[in-house]
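Peer 1: Turn these sequences into a full structure, and let the hints guide you.
Each chain, letter by letter, is given below.
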Amino acid sequence: MKILTLIRQVPDAEARVRVTNGAVDLEGATLVMDGMDEYGVEQALRLREGGADAEIVALAVGPRRNEDALRTALAMGADRAVHVETDAVLDPISLSKVVARIAQTEGIDLVLVGGQQADWDSQALGAATAERLGWPQLTWTNGLQVQDGALTGRHDVDEGNETFTATLPAVVTTQQGLNEPRYPTLPNIMKAKKKELRKDTLDQYGVTPLVRVVGAEIQARARMNRVIDGKDPQAAAAQLLELLRNEAKVIA
Amino acid sequence: MDFNLPPEVEQMRRAVLDFAHDVVEPRAHEIEATNRVPDDLTRAAADLGLFGLSIPEEYGGLGLDMVSKCALYEALGHAHMGFGGVISAHASIGTTGLVTLGTEEQKRRFLPRMATGETIAGFAITEPTSGSDAANIRTRAERRGDVFVLSGTKHYISNAPVAGLLTVIAVTDPTQGARGMSALLVEMDTPGVRVGRIDEKMGQRGALSAEVIFEDAEIPAANLLGPLHGGYREALKILTNGRVGIAARATGSMAHLVELGVAHARTREQFGRPIADFQAVQFMLAEMQVDVVTSRATWQYVAWLVDQGRSVGMEASAAKLHATEALSRVADKAVQIAGGMGYMKDYPVERWYRDQRLLRIYEGTSEIQKVIIARSLLQ
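Protein chains in written order, with this note's numbering: chain A, 1 to 252; chain B, 1 to 379.
Simulated from the structure, these hints should not be mistaken for laboratory data. Where hints are given, some of them may not hold.
[What the hints assert, rightly or not] Restricting the straight-line Cα-Cα distance to at most 20 Å, the calculated cross-link-like pairs of lysine to aspartate or glutamate (EDC-like) are: (1) LYS194(A) / GLU55(A); (2) LYS345(B) / GLU25(B); (3) LYS107(B) / GLU58(B); (4) LYS193(A) / ASP65(B); (5) LYS194(A) / GLU32(B); (6) LYS191(A) / GLU58(B); (7) LYS193(A) / GLU10(B); (8) LYS2(A) / ASP79(A); (9) LYS97(A) / ASP121(A); (10) LYS195(A) / GLU58(B); (11) LYS195(A) / GLU350(B); (12) LYS194(A) / GLU58(B); (13) LYS194(A) / GLU57(B); (14) LYS193(A) / ASP47(B); (15) LYS195(A) / GLU10(B); (16) LYS201(B) / GLU58(B); (17) LYS191(A) / GLU67(A); (18) LYS107(B) / GLU118(B); (19) LYS195(A) / GLU85(A); (20) LYS193(A) / GLU57(B); (21) LYS191(A) / ASP47(B); (22) LYS201(B) / GLU350(B); (23) LYS191(A) / GLU10(B); (24) LYS193(A) / GLU58(B); (25) LYS194(A) / ASP65(B); (26) LYS237(B) / ASP307(B); (27) LYS191(A) / GLU57(B); (28) LYS191(A) / ASP65(B); (29) LYS193(A) / GLU85(A); (30) LYS345(B) / GLU200(B); (31) LYS97(A) / ASP109(A).
[Stated by the list, open to error] Far from chain B, by Cβ distances over 10 Å, these chain A residues were calculated: (32) ALA23; (33) LEU26; (34) ASP79; (35) VAL89; (36) ARG132; (37) THR152; (38) VAL207; (39) ALA235; (40) ILE251.
Beta carbons: idealized from backbone N, C-alpha and C, even for Gly.
Peer 2: Below is the structure:
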């Protein structure tokens, strides 16, 4: 069995980012593997540790610095990595073309991808990949097993959760609650150095982005600095109620 | 000159930093309260691979060059200093002698279990009557057949209460002074070896040091480390390189204190604005940062020299002297920026202020470093 786990690289949640010339400037920011994708890598490792005879391939499509995220996946335990190196920003539909092609050429049985991505938030990548491949797609899983060529999993719905089964090959999107991703250990980081990290170019996949990014802004939240005079408690409470009801519209 | 770390070293550096911040720091209060590094934290450090920091890959360690090792020491410097002290006493003075001087058989016997943290190591040179004057050692190792009979007392020995193995410096030829001292690998469960009083220290809680007493302990001759009568001098050469590791760790501690200082200055308001707005505070932060930058540049240079195979007696002393004295200045300013809060046990800078003081004393006091540096100029 072959598992493809897709990795995106995003700024650390605590990183300070700036916008320069209409684009997010990541210079000096700490970049990490997207948490949603980390669940996918961890789950692939757990499937293998649970007895599945699996080869785990990590894939990243993006700029050179993505190598660091791939190295993290290799240090966690992935067997090898493929890096389609490009500075182009790919929308999820274009990106799915690359993922689907690699899934086919590598003979992949299971594609694991984060339910959404911290850098685009489309929730479309898994769906588009499954559509191109004609494979079943199982979304937002927080439980996953493989047995005799079939998947069993669980995902949250509004009323609770559902259990499902599907045959392989399949695309599964991962989310928080699926597992607790491991820290790469120092010896495994050293060992990962010797694992294969294949470099492809975007040209090999004949993909050009369908959507072009033209600008970016940082979302700034300014306080309104409105202070209610509390000398008359009754009046202050009434004024607060009025504001919450009619201005903030948080109560009816 | 390339100051970029190889990607895997950068990745390890980040892993150690994350471990220091996310795993060790939340346990700081517990370490302070109990004066012990909790077992599960030691295990987590072992799982991460910290105990194999200076052990070659073929014996289960990381196999790092000096620059890479020091980059990890700097990251370790961000961690609670008692915790960091346990790791560095093991990985530095406890391990490097065996790695450099050990026979293949000795390395196979000890290093794999030291790399996993199963055996924690330490180094025993200091005695009640010999500190800086290390040549005044009285502990005797007398050869009798297949064993050395070891007798004497060491004190202030880092890691002794938790160690499985100590490298012990002892007199093998009393007529030869410093040329009559050898290094022995002493397993702590050897009959006649016992740990005496555990020291009550000013700081670095959790990093236990103690007296170690040898009462006619029989140490197999196969445990002689390095040349007979020459082990002490060889071991000293190795300790010289270890000083650059202390400089790197001190740099990380300084960088951590700068982070604490900046965070406090940004959030603490006085006179209606954050104290970071005041130049008096800005200047302290700036001076702290200069100490970080110069200490880092110095350890990087000296570690690079070590990797070139150059001898660094003077340079390693300069790096250790500069970084540890700088750390004291930085810790003092960190307390000053925090004001009253900086004097309180609930706030971490109070702890750093106590803990850092040891670095100007152990592995050669600041004064001994100056003697070494001056000697290199005047010789």
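Peer 1: So, for every hint listed, does it hold in this structure?
Peer 2: We went through each hint and held it up to the structure:
Note on LYS194(A) and GLU55(A): the hinted pairing holds, with a Cα-Cα distance of about 16 Å set against a maximum of 20 Å. Using a Cα cut-off of 20 Å, the hinted pair LYS345(B) and GLU25(B) holds, with the two alpha carbons roughly 14 Å apart. For a cut-off of 20 Å, the pair hint linking LYS107(B) to GLU58(B) stands: about 10 Å separates their Cα positions. Between LYS193(A) and ASP65(B), the direct Cα distance comes to roughly 15 Å. Compliance with the 20 Å bound is thereby established for this hinted pair.
This hinted pair does not check out: LYS194(A) and GLU32(B) have alpha carbons roughly 41 Å apart, beyond 20 Å. Only pairs whose Cα atoms come within 20 Å are accepted, and LYS191(A) paired with GLU58(B) is accepted, the gap being roughly 12 Å. This hinted pair checks out: LYS193(A) and GLU10(B) have alpha carbons roughly 12 Å apart, not beyond 20 Å. Straight-line distance between C-alpha atoms of LYS2(A) and ASP79(A) comes to about 10 Å, which keeps the hinted pair within the 20 Å bound.
Of the pairs offered as hints, the one joining LYS97(A) and ASP121(A) holds, with about 18 Å between alpha carbons and a cut-off of 20 Å not exceeded. For the proposed pair LYS195(A) and GLU58(B), the alpha carbon gap of about 18 Å is at most 20 Å, so the pair holds. As the CA atoms of LYS195(A) and GLU350(B) are separated by approximately 45 Å, the hinted pair breaks the 20 Å bound. Pair hint LYS194(A) plus GLU58(B) holds up; C-alpha atoms about 15 Å apart against a cutoff of 20 Å.
Between LYS194(A) and GLU57(B) the alpha-carbon distance is near 13 Å, which keeps this suggested pair within the 20 Å criterion. Distance check on the hinted pair: LYS193(A) and ASP47(B) sit about 19 Å apart at the alpha-carbon level, within 20 Å; holds. A C-alpha spacing of about 17 Å is found between LYS195(A) and GLU10(B), which places the hinted pair at or below 20 Å, so the restraint holds. Under the criterion of a C-alpha separation no larger than 20 Å, the hint pairing LYS201(B) with GLU58(B) is inconsistent with the structure, at around 37 Å.
Note on LYS191(A) and GLU67(A): the hinted pairing holds, with a Cα-Cα distance of about 16 Å set against a maximum of 20 Å. For the given pair, LYS107(B) sits about 15 Å from GLU118(B) by alpha-carbon distance, which is consistent with the 20 Å threshold. Pair hint LYS195(A) plus GLU85(A) holds up; C-alpha atoms about 18 Å apart against a cutoff of 20 Å. As the CA atoms of LYS193(A) and GLU57(B) are separated by approximately 13 Å, the hinted pair is consistent with the 20 Å bound.
A hinted pair counts as satisfied when its Cα atoms are at most 20 Å apart, and LYS191(A) with ASP47(B) qualifies at roughly 15 Å. The suggested pairing of LYS201(B) with GLU350(B) holds, with an alpha-carbon distance near 15 Å, which does not exceed 20 Å. With a C-alpha separation of about 14 Å, the suggested pair LYS191(A) and GLU10(B) falls inside the 20 Å cut-off, and the hint holds. For the proposed pair LYS193(A) and GLU58(B), the alpha carbon gap of about 16 Å is at most 20 Å, so the pair holds.
For a cut-off of 20 Å, the pair hint linking LYS194(A) to ASP65(B) stands: about 17 Å separates their Cα positions. Our distance criterion of 20 Å between C-alpha atoms is met by LYS237(B) and ASP307(B), whose separation comes to about 15 Å. Using a Cα cut-off of 20 Å, the hinted pair LYS191(A) and GLU57(B) holds, with the two alpha carbons roughly 10 Å apart. Taking the CA atoms of LYS191(A) and ASP65(B), the gap is near 16 Å; set against the 20 Å cutoff, the hint holds.
Under the criterion of a C-alpha separation no larger than 20 Å, the hint pairing LYS193(A) with GLU85(A) is consistent with the structure, at around 19 Å. Our distance criterion of 20 Å between C-alpha atoms is met by LYS345(B) and GLU200(B), whose separation comes to about 18 Å. Between the alpha carbons of LYS97(A) and ASP109(A) the distance comes to roughly 17 Å, so the proposed pair stays at or under 20 Å and holds. No Cβ of chain B approaches the Cβ of ALA23(A) within 10 Å, the least distance being about 24 Å, so the stated non-interface status holds.
With a cut of 10 Å on Cβ distances, LEU26(A) stays outside the contact zone with chain B, its closest approach being about 16 Å. With a closest Cβ-Cβ approach of about 17 Å to chain B, ASP79(A) is found to remain outside the 10 Å limit, as its non-interface label requires. With a cut of 10 Å on Cβ distances, VAL89(A) stays outside the contact zone with chain B, its closest approach being about 23 Å. Listed as outside the interface, ARG132(A) is consistent with that label: its C-beta sits roughly 33 Å from the nearest C-beta of chain B, beyond the 10 Å cut-off.
The claim that THR152(A) is not at the interface with chain B holds, since no C-beta of that chain comes within 10 Å of its own (minimum 30 Å). Separation of VAL207(A) from chain B is adequate, the least Cβ-Cβ distance of about 27 Å exceeding the 10 Å criterion. With a least CB separation of 27 Å from chain B, ALA235(A) remains clear of the 10 Å interface cut-off, as annotated. With a minimum CB-CB distance of about 31 Å to chain B, ILE251(A) clears the 10 Å threshold, and the non-interface call stands.
Comparing the model with each earlier hint shows violations of hints 5, 11 and 16; every other hint is respected.
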